[in-house]
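K.L.:
Line order of the protein sequences matches chains B and V.
Using the working numbering, read the first sequence as starting at 121 and increasing by one per residue.
Using the working numbering, read the second sequence as starting at 121 and increasing by one per residue.
Keep in mind the hints are simulated off the structure, nothing from the lab.
Only a predicted model underlies this, so the values are computations on that prediction, with no experimental measurement involved.
You may find that some hints are simply not true.
As the list claims (entries may be wrong) - A short list of chain B residues far from chain V (calculated; beta carbon distances all over 12 Å):
(1) N183
(2) D366
(3) E372
(4) V478
Claimed, not checked - Residues from chain B shown here face chain V by an in silico Cβ test under 7 Å; the list is partial:
(5) G232
(6) D256
(7) V260
(8) D261
(9) V309
(10) E324
Claimed, not checked - For the chain B half of the interface with chain V, some residues (derived, Cβ under 10 Å), not all of them:
(11) A303
(12) R311
(13) P435
(14) K451
Even glycine gets a Cβ: it sits at the ideal position worked out from N, Cα and C.
Protein chains: 2
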Amino acid sequence: MPENYVVEKTRTFESGIRLESGRLLAPITLSYETYGSLNASKSNAILVEHAWTGDAHLAGKHNEYETKPGWWDAIVGPGCLLDTDRYFVVCSNVIGSCFGSTGPASINPKTGKRYNLSFPVITIRDMVRAQKLLVDSLGVDKLLTVMGGSMGGMQALEWATQYPDSIASAVVLATTPRPSPQAISLNAVARWAIFNDPTWRKGEYKHNPKDGLALARGIGHITFLSDESMNAKFGRRFSAKDGKFDFFGQFEVERYLNYNGYNFVDRFDANSFLYLAKSLDIYDVAWGYESMSEAFSLVKAPIQFYAFSSDWLYPAYQTEEMVMCLKTLDKEVEYHLLTSAYGHDAFLLEHETFTPMVRDFLERVKKL
Amino acid sequence: MPENYVVEKTRTFESGIRLESGRLLAPITLSYETYGSLNASKSNAILVEHAWTGDAHLAGKHNEYETKPGWWDAIVGPGCLLDTDRYFVVCSNVIGSCFGSTGPASINPKTGKRYNLSFPVITIRDMVRAQKLLVDSLGVDKLLTVMGGSMGGMQALEWATQYPDSIASAVVLATTPRPSPQAISLNAVARWAIFNDPTWRKGEYKHNPKDGLALARGIGHITFLSDESMNAKFGRRFSAKDGKFDFFGQFEVERYLNYNGYNFVDRFDANSFLYLAKSLDIYDVAWGYESMSEAFSLVKAPIQFYAFSSDWLYPAYQTEEMVMCLKTLDKEVEYHLLTSAYGHDAFLLEHETFTPMVRDFLERVKKL
C-alpha cells in the first residue's frame, strides 16, 4: 500500500478521439491515479489496466474513512512488485466506465443530458487510444510495462500491437485474443437480464435498474469463479435460514450471488455495464487485420503471459494460441500456466504465484 | 419410430403419495405413453425417464399433423435399441411438470384453483415414488431396465436405490449424484430471471411470464452446450442483420439463445420450470442416508453409466465418483466415458455412440 493517501485526478482532452466505429467522441475525460514519481529519464512508468468493473483506484486509500484499499493494493507500494519507491505507477479508468471517465452516464455537452444509449459503442482499442493521450500528457514516451488481467490484458495487447514503440514490455494475465461464443453467451444473458428490467427503460432510467443489474452481476460472478472454488467455498450447503423444502429457500452459493449482485447496484451504472460487456464481446486482437498473425507481427516488446488452470471464462488454450502465434513470429514471449482453483478471479487473488516471475521479467526488461 | 400413431394416456391415483417433505400430494395424475406390448411373463418392460423439460412423448407421432416425433424417437421402434417388437417401453411425465401430470399448473381439487406456489416442493425421489404407482398399475413387477439421461438419470438412480427389487438393470447417462454448486448457480440465476419478471406475480400469472422464462431458458441452453460445440455451431459470427457497432447488435449465438428462449415460453409453464429446477438442485442420491456408500449399498441391479467428455453441467468426474463407490461395494457396474463435443446434450444427440453398448448390456441382463 502506498504510504500517503492517494488522490484521484482527471484530465480532459477536448478534441477527443475518432473511434473504431468512425464516430467522434469528444471531449474525453479520463480519471486516473498515480503512485511514486516519474524519474528524470522518464523510464520508470508502469501502466496498470483494470478489468470490466474496475476503476483507477488501484491502490492505497483516498482518506481515513475508506474501509478497503484500491483493487490491486497487494502488489503496489514500497517494496511491492510495483515498487512505488522505484516506479511511477499509473492507473486510468477506461472510457465507457462510470468512475470519472467519459461514459454513457456522462453529460453530453451538445445536449446537456446524459448520453445513455446515444453513447457510441466503444472497443478495447478505443480505450487504449484514449489512454495514449493521457500517457503522452504525463510526459511519458515509453512505458516500462503495461500490465493487466482480463479486460486489462486485452488493453495490454492493444498497446503491444497499436503502440509498439510506446511500451518496453507487457504483462498479460487471464485474458483472451477474442472471447469464445460461450463467454459471449454468458455476457449475452447478463445483458438480457438488464433489458428485461422494466425500470431500465432503454437506458433512460432515473435510478439504476436494480433487479436486472443485480442478476447480470450474479451471472458474472459464476464466470469469475470455478467449479472447484465454488465447491471449496460453498459446497452444497443450504442457507441456515432456509428449509430445503421452502420454495424460496436458497443454497449458500445462491445467496452469495444475490448478495453480491445487489451490492453491485450501488456502485456501477447499468448502461456502463452494458457498454463494457459489448466491448469485451466484440474484442478481437486481429480486428482490422487479416489474422492474429498479422496483428502480432506489429509487436516489438517482449510479452509475459499468465493463464490459470481453472479459468473457464478465458481458458488457457486461448492464451496458448497467442503464445504459439508470437513464437512462430519469433517474438519474445514468455508463458506461465498457473495451477489454481480460483477460476478467472485467480489473477486478483493469487498474486503471490506470479509476483516473483513478473519481478524477474521487469528486471530483465530494464536491462534491455 | 413406432409404426402407428401413439396415444398419450393418463392414470390418476386418488390417494396420491406422501412426499419427502412430509406433505401429502393427492390425487396424482401421471400422463404416459407405451410402445410395444408387455409379454406373458411381464419381463420385457423398459421405463424411460425424461429430463427437466421433457414429457411422456418419447417416440412416434400423435397424429399426421405433428411435425416432429417424440424426443428420443431415434432409439425407439422396431429394430431400434428399444425394439418395440421385443420390449414394452413406457415413458411417463414426472409430477411437477406441465405435460399432463400433476404439477403447479394443475387444479388443486381442494380449492378449485391452480396450485401455483401452494404446490409442494418435490424431489426426484417423489417423482419415482409416483412412477412406481404407475408401473405397478401396469402389472409390471420388475422392469427389465430403467434408462434416462440428466434428470432422467437421477430417476434411474432412485429406482436403483429405492426399489432395488423392481428393476433388473439401469442405464444412467449424463447425470450426477448431486449437482455441484456451479450447476446450482446456473439454475439459481435462471430462477432469478423469472422472479424478476413483474408478470410472474409470485406464480399467480395469467400468461406465462415470457421475458423472464425466455431468459431462464437461454441460461439453460448455455449449460446444455459446450465451449467446443458453440465454437463449431456459431463461432464468433455476428448476426447478418446487425452491425458490430449497433448497441443492440447480436452475435449468432446470442440470437440462438434468444430465439430458443422465446420459443420455450409457448410450451413450458414457468412455475413448473421453477419447481423442477429446485428438484434438480436439491437432488442428492445420498438424501436420507449417511453417505453415498450407504445409499448405494441398497443397489441390487447392474448399472451401466455413461458420461460425456465435454459435459460441464454434470462433468464426468461426478459419474466417476458413483462408479468408484459402487465398485468399492462390489456392485455390478459398467462405465463408459464418451468423447463428445456436444456437452450435456450429447446424450440426446449422439445416441449412435452408446446404442451398441446399451444393446449388449440389455442382452446380458436378459440372461441373468
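K.L.:
Now look at each hint and say whether the structure bears it out.
P.N.:
We went through each hint and held it up to the structure:
no., hint, verdict
1, N183, "holds, 36 Å"
2, D366, "violated, 7 Å"
3, E372, "violated, 8 Å"
4, V478, "holds, 28 Å"
5, G232, "violated, 22 Å"
6, D256, "violated, 26 Å"
7, V260, "violated, 31 Å"
8, D261, "violated, 32 Å"
9, V309, "holds, 5 Å"
10, E324, "violated, 13 Å"
11, A303, "holds, 8 Å"
12, R311, "holds, 8 Å"
13, P435, "holds, 7 Å"
14, K451, "violated, 24 Å"
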